[in-house]
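Read top to bottom, the protein sequences are chains A and B.
Going by the working numbering, the first residue of the first sequence is number 1, and it counts up by one from there.
Going by the working numbering, the first residue of the second sequence is number 609, and it counts up by one from there.
No wet-lab data here; the hints were simulated from the structure.
Take the hints with a grain of salt, since some may be wrong.
Unchecked claim - Here are a few chain A residues that face chain B, going by a calculated C-beta distance under 7 Å:
hint : residue
1    : Q135
2    : G226
3    : T228
4    : K259
5    : N260
6    : A263
7    : E301
8    : P395
9    : Y404
10   : G407
11   : T411
What the hints assert, rightly or not - Listing some non-contacts, in silico: residues in chain B with all C-beta distances to chain A over 12 Å:
hint : residue
12   : C641
13   : A642
14   : G703
15   : G764
16   : G770
17   : I856
Glycine is no exception: its CB is placed at the ideal position from the N, C-alpha and C atoms.
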Amino acid sequence: MSGTGSKINDFVVRLANVNGTGSASANFLFAKSIFRSGVFMTPKNIFPSNIQGLPTWYEIRVSEKGYLGRREGIDMMVAMNPQSMMQDVMSVRPGGYFFYDSTKPLHPQFKRSDIHYIGVPLMQMCNDNYTDARQRQLFKNIIYVGAFSALLNIDLQIMIDLLAEQFKGKEKLIEPNVKALNMGVDYIKANYKYPLEFHVEKRDLTKDKIVIEGNNACGLGAVYGGATVLSWYPITPSTSVAEAFADWCHQFRVDKDGKNNFAIVQAEDELAAIGMVIGANWNGARAFTSTSGPGVSLMNEFLGLAYYAEVPAVLIDVQRTGPSTGMPTRTQQSDVMEAAYAGHGDTKHILLFPSTPKECFEMTAESFDLAEEFQTPIILMTDLDLGMNDHVSDPLVWDDKRKYKRGKVLTAEQLEKMERFGRYYDVDGDGIPYRTIPGTHPTKGSYFTRGSSRDEYAVYTEDSAAYKRNVDRLAKKFETAKSKVPAPHIYNAKNTSKNAMLFFGTSTYSSEEACDLMKEEGIALDMIRLRSFPFSKEVHDFINSHDKVFVIEQNRDAQMRSCLMIELGIHPDKLISILNYDGMPITADFIQRSVKKVLAPGKVVAAN
Amino acid sequence: MTYVRPKFRHPELPKNKLGYTLSYYEGALSTLCAGCGHDSISAAIVQSCYEMDIEPHKVAKLSGIGCSSKTPAYFLSNSHGFNSVHGRMPSVATGAYMANRDLIYFGVSGDGDTASIGMGQFVHAVRRNLKMVYVVMNNGCYGLTKGQDSATADLGSKSKAGSVNPFEGIDLCGLALELGANFVAQSFSGDKHQLTPLIKAAINHNGFALINVISPCVTFNNNPGSTKSYDYVRQHIQTTGMADFVPIAETIEANYNEGTHKKIQMHDGSFLTLNKLAQDWDPTDRMSAVNALHASRAKHEVLTGLIYLNAQGKDLHNVLNSAATPLNTLKEDVLCPGNDALKGINEEMR
Ligand SMILES: Cc1ncc(C[n+]2csc(CCOP(=O)(O)OP(=O)(O)O)c2C)c(N)n1
Ligand code: SF4
Ligand SMILES: [Mg+2]
Numbered sequence: 001m002s003g004t005g006s007k008i009n010d011f012v013v014r015l016a017n018v019n020g021t022g023s024a025s026a027n028f029l030f031a032k033s034i035f036r037s038g039v040f041m042t043p044k045n046i047f048p049s050n051i052q053g054l055p056t057w058y059e060i061r062v063s064e065k066g067y068l069g070r071r072e073g074i075d076m077m078v079a080m081n082p083q084s085m086m087q088d089v090m091s092v093r094p095g096g097y098f099f100y101d102s103t104k105p106l107h108p109q110f111k112r113s114d115i116h117y118i119g120v121p122l123m124q125m126c127n128d129n130y131t132d133a134r135q136r137q138l139f140k141n142i143i144y145v146g147a148f149s150a151l152l153n154i155d156l157q158i159m160i161d162l163l164a165e166q167f168k169g170k171e172k173l174i175e176p177n178v179k180a181l182n183m184g185v186d187y188i189k190a191n192y193k194y195p196l197e198f199h200v201e202k203r204d205l206t207k208d209k210i211v212i213e214g215n216n217a218c219g220l221g222a223v224y225g226g227a228t229v230l231s232w233y234p235i236t237p238s239t240s241v242a243e244a245f246a247d248w249c250h251q252f253r254v255d256k257d258g259k260n261n262f263a264i265v266q267a268e269d270e271l272a273a274i275g276m277v278i279g280a281n282w283n284g285a286r287a288f289t290s291t292s293g294p295g296v297s298l299m300n301e302f303l304g305l306a307y308y309a310e311v312p313a314v315l316i317d318v319q320r321t322g323p324s325t326g327m328p329t330r331t332q333q334s335d336v337m338e339a340a341y342a343g344h345g346d347t348k349h350i351l352l353f354p355s356t357p358k359e360c361f362e363m364t365a366e367s368f369d370l371a372e373e374f375q376t377p378i379i380l381m382t383d384l385d386l387g388m389n390d391h392v393s394d395p396l397v398w399d400d401k402r403k404y405k406r407g408k409v410l411t412a413e414q415l416e417k418m419e420r421f422g423r424y425y426d427v428d429g430d431g432i433p434y435r436t437i438p439g440t441h442p443t444k445g446s447y448f449t450r451g452s453s454r455d456e457y458a459v460y461t462e463d464s465a466a467y468k469r470n471v472d473r474l475a476k477k478f479e480t481a482k483s484k485v486p487a488p489h490i491y492n493a494k495n496t497s498k499n500a501m502l503f504f505g506t507s508t509y510s511s512e513e514a515c516d517l518m519k520e521e522g523i524a525l526d527m528i529r530l531r532s533f534p535f536s537k538e539v540h541d542f543i544n545s546h547d548k549v550f551v552i553e554q555n556r557d558a559q560m561r562s563c564l565m566i567e568l569g570i571h572p573d574k575l576i577s578i579l580n581y582d583g584m585p586i587t588a589d590f591i592q593r594s595v596k597k598v599l600a601p602g603k604v605v606a607a608n
Numbered sequence: 609m610t611y612v613r614p615k616f617r618h619p620e621l622p623k624n625k626l627g628y629t630l631s632y633y634e635g636a637l638s639t640l641c642a643g644c645g646h647d648s649i650s651a652a653i654v655q656s657c658y659e660m661d662i663e664p665h666k667v668a669k670l671s672g673i674g675c676s677s678k679t680p681a682y683f684l685s686n687s688h689g690f691n692s693v694h695g696r697m698p699s700v701a702t703g704a705y706m707a708n709r710d711l712i713y714f715g716v717s718g719d720g721d722t723a724s725i726g727m728g729q730f731v732h733a734v735r736r737n738l739k740m741v742y743v744v745m746n747n748g749c750y751g752l753t754k755g756q757d758s759a760t761a762d763l764g765s766k767s768k769a770g771s772v773n774p775f776e777g778i779d780l781c782g783l784a785l786e787l788g789a790n791f792v793a794q795s796f797s798g799d800k801h802q803l804t805p806l807i808k809a810a811i812n813h814n815g816f817a818l819i820n821v822i823s824p825c826v827t828f829n830n831n832p833g834s835t836k837s838y839d840y841v842r843q844h845i846q847t848t849g850m851a852d853f854v855p856i857a858e859t860i861e862a863n864y865n866e867g868t869h870k871k872i873q874m875h876d877g878s879f880l881t882l883n884k885l886a887q888d889w890d891p892t893d894r895m896s897a898v899n900a901l902h903a904s905r906a907k908h909e910v911l912t913g914l915i916y917l918n919a920q921g922k923d924l925h926n927v928l929n930s931a932a933t934p935l936n937t938l939k940e941d942v943l944c945p946g947n948d949a950l951k952g953i954n955e956e957m958r
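Looking at chain B on its own, in the form it has when it is part of the complex (with noise of 0.2 Å):
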């Protein structure tokens, strides 16, 4: 079975600065259940490609294994996709930013995929600080296997036939705060309005960005008592506040209100602009990101946005201090030394 999207589209759709209509930006229609959160995901990042005016040609988006490894088949269709192997995505996406530097890097990954079988490798993404916007669209269970608790379902959460989890979850941004990683953000598939900006920051910050994104299974770990369900996390949600990503070209035009709003500059110049709820909480503090996060856990809150930003980090090509022009295009004259190297080579070796 193949599914193709209908080409027609209505004329008169608007357009982006590139000359063209959101529907550029979407992929093969979706095999995935129908009310999956992992759908709602994919079009937040329909939406933020689009606005953001970028060429879907310079995307490159990888994935594991796994219901939501499928998804970078269902956005960005001019864009090469990778679907690797379960949990190893990381590396592959590694190896894709070491040969080329200025593309796009859209990871997307499961709770299964990255805090299980690709935990190892999750964790040294964040710490070489690849740029990369990693998505994890964690449902507290392994959807394509049917169901089983994954390391991210909650201690005394229910699943669907009734057993209860008796083991801690794995909190994937706070583990990621413990490692280092300089943009740190937790959403909700529901809520696309605070998931567009929010990936709109993660493309244009200059390292690895994680956001996980609590993404119901329908058919598997929706069922009450679940702690991954629509019903309870939209009971249990809270908010650091909204933001608002505005890139370098654009001036800021709403006045913020000191103290309840906080402006964060990115590496390029463009902004990313917080309306702050969380009282004694700064994005820009490590620690003060880390008691958040504790401390909505201890009252079994879903904190969601923005939870972290340093855009002073140093990405791992600059770790690695390599030329600006990328490495799959350099050719035999600045790759090859030449036979009379070898030569000299040959005289040391006498």
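Looking at chain A on its own, in the form it has when it is part of the complex (with noise of 0.2 Å):
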């Protein structure tokens, strides 16, 4: 258990907090401040369906070796909230520490002999310092995050410089939090040792990295990827999505007269978001939506119209606890089959798998030109860990090179030269036709965009063999398709075990971890990392040369493996599955101690 080696920079704070009172900004600035320490860190918000009341908690982990997923047990918990105290206390491990408000001494229901308790009176030194109710409120967040300075040892100029970054522009406000700060300092030295033994020391690792939200890099991503009109409605894990990309184009596409160069209108529901999306694409426009589950539900009948109609779309699914409502504001891969095969009739869609925010940055962009290469609905699945936390990232790079590739679509000139204008015609072979926009030329051009069957020529038809022609067409253009989408990661080059793992999207950071770990115990095992569906011939064929191939997922019913045995018809025995579903991400002990369970059941470790 990686607790028991050394304790520097390698351990999990957990704060409890109340929803709503402002602590988020106080933890946000604890958790920017070991990564100013150049340490890696993994902020996770544990919040409830609520907007005010009800137990959230910020969870920490440290890690020297930069391994980014979550950890079980914590070290340190930092209980703010007396509804959750119980729970709180019994979730410390053995050895760990309690940091509770000590202006009350603490009931001794609270009391374990096996943890280390410390007690700071936050409310006692905010009435005494502060007049009014929400500023107590505030600064106390303010003061426990100072006691961690000293606690933890994390130099408190780190602090200070982030909280006037924080506050810049409203200058006025730094020096009274900074007097928080120096308070919870000063009380943590007059009355404990400090540092503790689980405490954090500067390093030079994250330097070059960033912290940013998945979404927000989504939101950024469709800025960058040329996306003009956004429709959506809002659904929690998917709302910052909207927002960020709202805020991104009010920075980068004002033009000089204060005229927007974007259209953005927040739906009536899912339905229309959706359908403003394939109606600004069919007009020449890159659109996108972004939404979670239920929202993908109810845009079934329209992407099936997409699909077959050939329109191009992005949606940005960011997934959630399902079925129904589920738990909202908890994590899963729960939508790979909803949204592989979203449509009535014979549907099948293109799915992106972004890992980390760089590829969240980087797939939305790539996802407006695969639209419209493909004039196909994209799907972006990301979910609501990587979507609403803060996750350390390689920078952002783009390349002022690129030109957007618009796909196959015909200019004036081109439709002048041409005897007769076929849309759904095979020109090239490759079974994606060419299209035209609203517009283009007078008499030659237009044609009727429908769910419909028709002929090459858009000519309504119910014509078996046109209808075949066309369905076949569309098989043929999704085989294209797989070698086009981004190719999947083989972390060995040769093979070095006959075993496997097959991991995508958040799962990523706990199987490489667990991969690590299983290393140092003699277990050698290769690695693949789907980042795109329909699967490449390198899926199979890595696939096809491992004996086992553990297949690690976020949902109940293996949905990934299912599509594994669908498209590439992989005999099940093969598929192992290793299934995370509680809504909280999954971590390397437990996929560790699954894989260990069938292939050294002997040296299986207890949970603790």
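From these two lone chains plus the hints, build me the complex, please.
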């Protein structure tokens, strides 16, 4: 277990707060100060579907080795919420720390003999120093962050600098915040031995990195990818994609006359949202929507239309815990099948699976190219964990020479030279026809877009042969896509084992970590990370070249495994599922235990 | 089966200012039942576009699903068309309009398409005031699925099979007025003289323009006892007056009589003149329009003509403050902030 080794730059702190008390910005200050100390950290928001009053937790894993997945076991609990106090006490590892507000003595029921207690009279200190109730609340958060600076050996100047950046333009607020930080520091220094055995030592590991939420990166990716139209309907955890796009647009897309080079409509529902996206793309603009599982369900009919009528569309699905409303503020990878085959009749869609904010940025931008190249919906499959949590990421880059790939769109000049335009004619033999944008040419190029069957010239027909030619061409187009969508990441050029792990999206960090841990114990595994659907030949070959492939995913029904079986015809015995679906991000410990149960039953250590 | 209209035309046919004959504005041969009201509406659309010297390729025609929604195939064959999904044409039209503010948008829908499955989208298209002509071909039934009552069927209207509709009918014009629509008109497919100038004015209107056209379904809802049959509508029709649309370029020659005529200036300076028959009704006053509708309903009359017009509304692009250049024409140089901007963003995220 990782906690039993070095305690420097390797521990987990969990903060228990009450939703709506302003703890978020203080907690982020804490997390960011670790990042600025040059050490990797991974914060996770664990929050309820509620605006004010229910418990929320903020969990920070500190990892010198750069493991960015969640880790089990809490080394320090910061108990700011009386409501969850009992649960919080019980969740601390033996030997760990429990930090609480000691204004009132701690009730004996919260006392454990195997953990340490650190009490700071936060409420008392606030009451003595501030008169306004809201101020008391806000500064209480800053005082405890100050206390951590001493307890965890975080350079106070880093925190002060962060505050100064946060309050740029509102400089008046800096001084009282610094004062609150110091109150926390001073109390610890006067009353406790510091730093704790768990603490931060400065390193130089994160200098080139950035900290960003996946949803923010998606919003920015849409701006860089040339999206001009967004239509969306609010739903956690996707809302911040739309909000980020709007913010970035206001920064980069307002022309010198103050006019917007973008249009955003908050739709009446997800049906309308995807309808607008289809209308805009049909009319030649790059348009997208963002939603989560329930929204994808509503969009099914329209997605089928876009597939069949061959209209580009980009949909960002920030997955959450289903079915139905499920646990709307918890994470899962459980829309895989619904997205892959959304729509009635024979439909299939191109899916992309980002696993870092950098990929959120890049793949969102790329989605618009793919949507136009293949004239079909592209669904970006991110999730709450990636979208709504901050992640340490490589910086974002853009090649200024890059041109948007608009696909096979005919210009007026090209139309002029044509005998007859056939909208659904497979000219190039790749299944991808040529399209025209409304208004291009006075007499050539107009056609009727419809969800009903038509011939190569877009003329309505119920002729069976014509229908079949068309759907077979669509299948061929999907085949063409296999080699054009983002390739899987195969970690070793040559196989090192008979066994392998296959994963995608936010299961990546923990899978990589589990692989490292097992390697230390002599269990070797190859790894492949899927980045898209349909699966390319490399995926097929990789699986075929191994005896057992552990398919790691965050849903109950092994949806990706099903897709692999359906699309590649892989024997079920070969694909062993490792499934995490309790709503919490998957951990390396869990993956390790599950793999060992199969490969080394003697070595399984019980979870703590 | 495909139907393509024979191409031969008499060379001497009159041409409009663009040099196009009326036939240039036609579409494929209709596959609707002979006598279906919808075909007459298509003909009025053809006539209006011809008379307004519109470039057909600068028109986008969109529809949902239904017999009515098939009609865009039967007019303006040089326009792009989009036959979307049942009830969801308004959202597709909204997206299309967001992408390119320079085309003329024709939405065609049925009463089932608009007042049932598409009610949500219709309502929101009205309140967003996107610049489009929204034509409802209203036959009080679902033609394409063989005659079931629709939500606009009047209470007590009798179906072909003899059953009596037990529910209140939805009045789309009244609803649109309530939602703040700035151009509301009602007409009858059998009255092309009234319908054509209304369509022309609607095209010219700077915002959402609803024309609810009673359009009898000869196959399923033209029987005695139906309130959407040719006979019933002819017997109960009342009109607010004849509208005459005068484009900005033309001067108004006729001398209109104050009191019985009303001249409404549209946003671009063109005029809609009304030969006003209804006495205590002012087409520029929303309350008065609502009253006129209610009064005629109480008398079991079908009120047709222009019902309400406010030429001053702000259309969707004005509300969104969009650039004048259509969004679908913008390129990388305008759309992509580039790597230097990204470097700055990275710096802020450290
Ligand atoms: C989602 C969906 N449900 C049902 C249908 C079947 N359907 C096709 S047209 C129609 C009714 C059309 O009525 P209306 O809009 O009044 O058009 P009309 O045929 O009367 O002109 C229905 C229910 C469909 N195409 N899609
Ligand atoms: S069924 Fe009715 S609505 Fe449909 S085409 Fe025939 S007459 Fe027209
Ligand atoms: Mg109907």
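**Prompt:** Hints broken by the structure, by number, lowest first?
**Reply:** Violated hints: 1, 10, 11 and 14; rest satisfied.
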